[in-house]
Structures are given as structure tokens and as C-alpha cells.
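J.: Spelled out, the chains give:
Number of protein chains: 2
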Amino acid sequence: MLDVCLLGSGGMMPLPYRFLTSLLLRYNGNNVLIDCGEGTQVALKKKGWTPKPVGLILFTHFHADHISGLPGFLLSLGNAERTEPILLAGPKGLERVVRSLLIIAPELPFPIEYREFSGDTEFDWEGYHITAFRVNHNVTCYGYSVSISRSGRFDAQKAKELGIPLKFWNPLQKGETMEGEDGTVYRPEMVMGPPRKGLKVTYTTDTRPTENIVKNAAESDLFICEGMYGEEDKISKAKENKHMTFTEAAGLAKRANVKELWLTHFSPSLPNPKEYMGQVRQIFSPAYPGKDGKTLELQYED
Amino acid sequence: MLDVCLLGSGGMMPLPYRFLTSLLLRYNGNNVLIDCGEGTQVALKKKGWTPKPVGLILFTHFHADHISGLPGFLLSLGNAERTEPILLAGPKGLERVVRSLLIIAPELPFPIEYREFSGDTEFDWEGYHITAFRVNHNVTCYGYSVSISRSGRFDAQKAKELGIPLKFWNPLQKGETMEGEDGTVYRPEMVMGPPRKGLKVTYTTDTRPTENIVKNAAESDLFICEGMYGEEDKISKAKENKHMTFTEAAGLAKRANVKELWLTHFSPSLPNPKEYMGQVRQIFSPAYPGKDGKTLELQYED
Numbered sequence: 001m002l003d004v005c006l007l008g009s010g011g012m013m014p015l016p017y018r019f020l021t022s023l024l025l026r027y028n029g030n031n032v033l034i035d036c037g038e039g040t041q042v043a044l045k046k047k048g049w050t051p052k053p054v055g056l057i058l059f060t061h062f063h064a065d066h067i068s069g070l071p072g073f074l075l076s077l078g079n080a081e082r083t084e085p086i087l088l089a090g091p092k093g094l095e096r097v098v099r100s101l102l103i104i105a106p107e108l109p110f111p112i113e114y115r116e117f118s119g120d121t122e123f124d125w126e127g128y129h130i131t132a133f134r135v136n137h138n139v140t141c142y143g144y145s146v147s148i149s150r151s152g153r154f155d156a157q158k159a160k161e162l163g164i165p166l167k168f169w170n171p172l173q174k175g176e177t178m179e180g181e182d183g184t185v186y187r188p189e190m191v192m193g194p195p196r197k198g199l200k201v202t203y204t205t206d207t208r209p210t211e212n213i214v215k216n217a218a219e220s221d222l223f224i225c226e227g228m229y230g231e232e233d234k235i236s237k238a239k240e241n242k243h244m245t246f247t248e249a250a251g252l253a254k255r256a257n258v259k260e261l262w263l264t265h266f267s268p269s270l271p272n273p274k275e276y277m278g279q280v281r282q283i284f285s286p287a288y289p290g291k292d293g294k295t296l297e298l299q300y301e302d
Numbered sequence: 001m002l003d004v005c006l007l008g009s010g011g012m013m014p015l016p017y018r019f020l021t022s023l024l025l026r027y028n029g030n031n032v033l034i035d036c037g038e039g040t041q042v043a044l045k046k047k048g049w050t051p052k053p054v055g056l057i058l059f060t061h062f063h064a065d066h067i068s069g070l071p072g073f074l075l076s077l078g079n080a081e082r083t084e085p086i087l088l089a090g091p092k093g094l095e096r097v098v099r100s101l102l103i104i105a106p107e108l109p110f111p112i113e114y115r116e117f118s119g120d121t122e123f124d125w126e127g128y129h130i131t132a133f134r135v136n137h138n139v140t141c142y143g144y145s146v147s148i149s150r151s152g153r154f155d156a157q158k159a160k161e162l163g164i165p166l167k168f169w170n171p172l173q174k175g176e177t178m179e180g181e182d183g184t185v186y187r188p189e190m191v192m193g194p195p196r197k198g199l200k201v202t203y204t205t206d207t208r209p210t211e212n213i214v215k216n217a218a219e220s221d222l223f224i225c226e227g228m229y230g231e232e233d234k235i236s237k238a239k240e241n242k243h244m245t246f247t248e249a250a251g252l253a254k255r256a257n258v259k260e261l262w263l264t265h266f267s268p269s270l271p272n273p274k275e276y277m278g279q280v281r282q283i284f285s286p287a288y289p290g291k292d293g294k295t296l297e298l299q300y301e302d
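Heads up: the protein sequence lines correspond to chains F and L, in order.
So the first sequence is residues 1 to 302, counted in the working numbering.
So the second sequence is residues 1 to 302, counted in the working numbering.
Bound-form chain F, shown alone:
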């Protein structure tokens, strides 16, 4: 129902087999990108997908490895004949940065809308509920939780008992209130059970571990977290550069009680993240190293 694809898993600099940071979420024909490092448009093409349904790009921050692919991506989007607006959202200053980059993409066939945050915030977009939360990097940086809600179960027996006309069943399931010809009002809550568990993905890179991450990642189906360094002895470097080690990420995953952890945003000095997964899994067992093109189709429970 919610498809997740890690397009690029590289931090700072790309490697021949590792594009820079980008995550793609696909749900119901509207796609969301989080970050857009150099090569994002190529990574997408490698999957055989078109950029056209991408209508929202969320930026964690404006370091080049997270945004350098934007001009090319938007040009490809135009070339894919998108004419609907695209929303770009991220920290304060986003519009200034993007306008500056667009000096090499001055003519795009779709309007660009901007949404800048000046603190933790929530908003809805095309069925996605998005929470942007501050993390702790050397510049203002946000993590994102993206949720898909799921309505309660429709009780057909109850609808029959209440004599609700059949033609209202579908609108009621979609959450619409209907009125019969005799003036009777039918509300969704009359026939719908309590909301069921939806889907939740949390993504955070370029940050030290924080309580805000644990809080926002809580109960995620998938938690994608930076792991700049695999080596335990790089903890001081991680602190200095405001990044994390693999085991720090695992600690967050455990405390947030997520279902699955993917590590990403690897240092170019880390050619083989797999090597360090042993110690990660001692802390949090369902942990996996991210790699370019890694996908997961998240399904509703039951």
C-alpha cells in the first residue's frame, strides 16, 4: 500500500555504486521524495520509474549531498510532462536556496510551491500525513515521519439494520456524511468501526541521536536512520560532525519500538556497511543496511 524505495544511500560524496541521499515514497498515485542528492534522477530511472507522480519533495536541510540533484530532477519532471504544481517543503530559507539553484533550470512547465518550517510542524498532502521534526545537526535540519491513516472497518450488518440506502454505503466508507431524500442524515461513525492502525515511515539523516527522534519515530513500521559511521571508534568523529554511529541508530530504533530499521547516509570511507551489522543486531535485531534501490512494500495489518 505504501511503497518505500531508498534511491540513494550515500552521505557527503557519491561512490560509483552509491548515489547521494534520497528516499521515494509511493502511495495511491502520488509520490513523495525526501531529499534529492546528485544522481537522484538516475537512481529513479534505474528502477524503471518516471518522476512524473512526484508532487512533494521534503528536504532535511540544504547541504549539497541532500539537494544537488534538484535542478536535474525538476528538468526531468518537466520532460516527463508534469504540469501540476510541485510542493517543495523544508527548513526556512528553502525558497531562496532553490531559486538560486534554478538559475540553470529557469523554465519549468509546472508551478513550484514552497512551504518553509520554523519548528516542528504537521501537514497533510494527498493522503499522506507528514510530521517534520527538528533534529540536531550543525545546521537547521529536520527529520520526517510520514503516515497513512486507515479508517475503521465498515459494518454492513449495521448499515442494513439502520436501513441506510445502498448508494450511501460507498460515500460513508470514504468518510462523507450523506442525507437521504426524507432528510435523514447518515454519518460515517454510524457504520464505521474505530480507525485501524495505518502505516508509518520515519526518516532522519544528519543528526546526533535525540529524544525528539525517539518520540517521532515511535511505533514506525520502518525507521530509516543515518549511520554515517560503522566503526565504534568513530564515535568522537560522529559527535564532532553531528552524525551517528550504527549502534547509536540501533539504540534509537529500540527505544522507539519500531518494526524495522534501515541504515543509510554512509560515509564514503565506509565501502561495506554489512561488516558492522553484527553489533547493530545485538542491540536491535530487525536492522538492515540500506543500499541504493532497496525497496519495501508496507502493508496494512491483517
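There's no promise every hint is true.
Treat identical chains as interchangeable: a pair holds within one or across any two.
[Said to hold, decoys possible] Restricting the straight-line Cα-Cα distance to at most 35 angstroms, the calculated cross-link-like pairs of lysine-lysine (DSBU-like) are: (1) Lys52 x Lys234; (2) Lys234 x Lys294; (3) Lys274 x Lys45; (4) Lys242 x Lys167; (5) Lys197 x Lys46; (6) Lys291 x Lys52; (7) Lys52 x Lys239; (8) Lys158 x Lys46; (9) Lys52 x Lys237; (10) Lys167 x Lys294; (11) Lys197 x Lys45; (12) Lys92 x Lys254; (13) Lys291 x Lys47.
Just so you know, the hints here were simulated from the structure itself, not pulled from any lab data.
Take the given structure of chain F and dock chain L to it, following the hints.
T.: Quick look at chain L alone, frame taken from chain F:
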């Protein structure tokens, strides 16, 4: 002596196996890049090379596919610990465009120098002689000829006959004029033969065929020319978008009497340029389709 590597052969949009436009020239420890599309830094890493010796980047024009990789490339250059200046050269407006892009790479450990052209021009850089010449695109665009000159042969017999002290032989070969203790002046032309044929590479993309290209590409050892379209029936599209077909490029190569032609800057709609080489070779036999990573080591004659 002069190594040429086509880092990226894609025009307009990259494909999974085709980075955007970029050419690397390597000579005597100082490297020149022509254009820097998205993925250039990755293409370079794929060859196993460091960006550090790149001290000059020439830009044909500012369409995104020719410059979108610049912020990432410069950041990688900084990361490779370059501290010497880098010279960026291209059409008027270059500094404004680059400064705008560098909003995501504000701190680089080397100075950037700019050289903007307002017409055909020539200059020397670290042993390279560079000619920038106007071509015919829908924005101001330049082609480049890059030459390495070669001095004449040293005549040891003559040096002996003239009684030139042995310690002056090497400086004279390097073109220096020397003076003996008795005041005798020794000039290179006394012992050096006439300059021998050097090496010449000409590179031009994003243009219709022009006389200026034929003139500047004349007698090149390697002529790298755009071939946006392989299909002959795309000639009207080529004219409209100010590009070329393969056979038009072959016609230029023949008239310029070059040694070898590489086609590049392929349309994303052209997945397999090889298919169209038959008709190209009927016009100009030593013609090859470019592809990412294609290299040639140009050697002096004899």
C-alpha cells in the same frame, strides 16, 4: 602524452548507463575538464581517478546538462584536499551562474578564478593552448580546441660544433636563452629544429554545423562532436533544437580532415548509437560512438 576521457556522453537527461556531458583531458599532471553535467564526479571515481589535478574547467554553455554537476564536483575537489586555485572559463555570465549554484557549496578550500569570453579567444594554461570558438546554439555556446605544442628536435651535433657548454643543453631544450661566462649568448633556435607537430583535440556540443567548427577542428588528432540524433529523419528536429545528426557531424569531421571522430551528447531517445554508425562511416571512416569512460592516449608522431 595527452589522455582524453569522455566521462559522460549523455545530452539533456542522463540514463542509468550514461552520465551527462563531460570530457577530461590529462597532461603533465594538470587536468582540464570540459563541461560538468550531473554525475561527473561519479564518472571520474568510476575510472579510479581523483579530481585533485583538475585546475581548469571549460564550459560550453550553461544549460543544466553541462553544469549541474559542478557544486558536487567542487566539493569533491575540496575533499581531495586541493588548495590551489581553480580556473573556470566560459561564456559571459559564467561567474553569475556559478556563484548562484554555489549557494550549496559556500565554503571551498581553494580560490575560484573566472575567465569569461565575449567572442572567439585563445589562451594558455599549464602547457595547454586553448582556443574557444563560437558555435551556433539557441544560447551563446562555445566549442574548444585544446592543443599541446611540441618543440623541434635538439641537434646535439650542432651544439658540439658551436662549443656550447654541456650544462646549457637542457635549458636550451626547454626554450631558455643562456649566457656563458665569456658573455656569449646561446639561443634555443641555434640548436633546436623547427617545432614538430603537437597534439590537438577539438570538442563541440550543442550546435548546428558551422564553418567556424570546420576551421577550428582542422587537422585535429581527435574531434569529439555532438550527435544528438542518429536517425536521418530527425534532421528537422536537429535544426529546430540547434543540434546535429550523426551524419552532419561526420561531414564536419571529413571537411576538417581530422584523424578520428567520436560522437557524443546523445539524446535520451537514442539508447544504442552504434546502430547508426554505418551511414556515418560512409562519410567519414574513422568514426566511433562515444560512451562513458571511453579513453584515448594521444601520442606524438614518430
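J.: Take the hints in turn and mark each one as holding or not.
T.: For each hint, the structure was consulted:
1. In this homomeric assembly, Lys52 and Lys234 come within 35 angstroms of each other (Cα to Cα) only across copies, at 26 angstroms, whereas the closest approach inside a single copy is 40 angstroms.
2. Proximity of Lys234 and Lys294 under a CA criterion of 35 angstroms is satisfied intra-copy only: 26 angstroms inside one chain copy versus 39 angstroms between copies.
3. In this assembly of identical chains, Lys274 and Lys45 lie within 35 angstroms of each other by CA distance both inside one copy and across copies; the values are 26 angstroms within and 22 angstroms between.
4. Neither within a single protomer nor between protomers do Lys242 and Lys167 lie at most 35 angstroms apart by alpha-carbon distance, with minima of 57 angstroms and 58 angstroms respectively.
5. Proximity of Lys197 and Lys46 under a CA criterion of 35 angstroms is satisfied intra-copy only: 33 angstroms inside one chain copy versus 45 angstroms between copies.
6. Proximity of Lys291 to Lys52 under the C-alpha cut-off of 35 angstroms is found in both arrangements, the shortest distances being 23 angstroms within a copy and 28 angstroms between copies.
7. In this assembly of identical chains, the alpha carbons of Lys52 and Lys239 lie at most 35 angstroms apart only when taken from different copies (28 angstroms versus 39 angstroms within one copy).
8. In this assembly of identical chains, Lys158 and Lys46 lie within 35 angstroms of each other by CA distance neither inside one copy nor across copies; the values are 49 angstroms within and 64 angstroms between.
9. For the identical chains of this complex, Lys52 and Lys237 are inter-copy neighbours only, at 24 angstroms across copies versus 40 angstroms inside a copy, given an alpha-carbon limit of 35 angstroms.
10. Within a single copy, Lys167 and Lys294 get their C-alpha atoms no closer than 43 angstroms, and across copies no closer than 65 angstroms, so neither meets the 35 angstroms cut-off.
11. Proximity of Lys197 and Lys45 under a CA criterion of 35 angstroms is satisfied intra-copy only: 33 angstroms inside one chain copy versus 45 angstroms between copies.
12. Within a single copy, Lys92 and Lys254 get their C-alpha atoms as close as 31 angstroms, which meets the 35 angstroms cut-off; across copies the closest is 56 angstroms, which misses it.
13. Both within a single protomer and between protomers do Lys291 and Lys47 lie at most 35 angstroms apart by alpha-carbon distance, with minima of 13 angstroms and 22 angstroms respectively.
Checked against the numbered hints above, the structure breaks hints 4, 8 and 10 and satisfies the rest.
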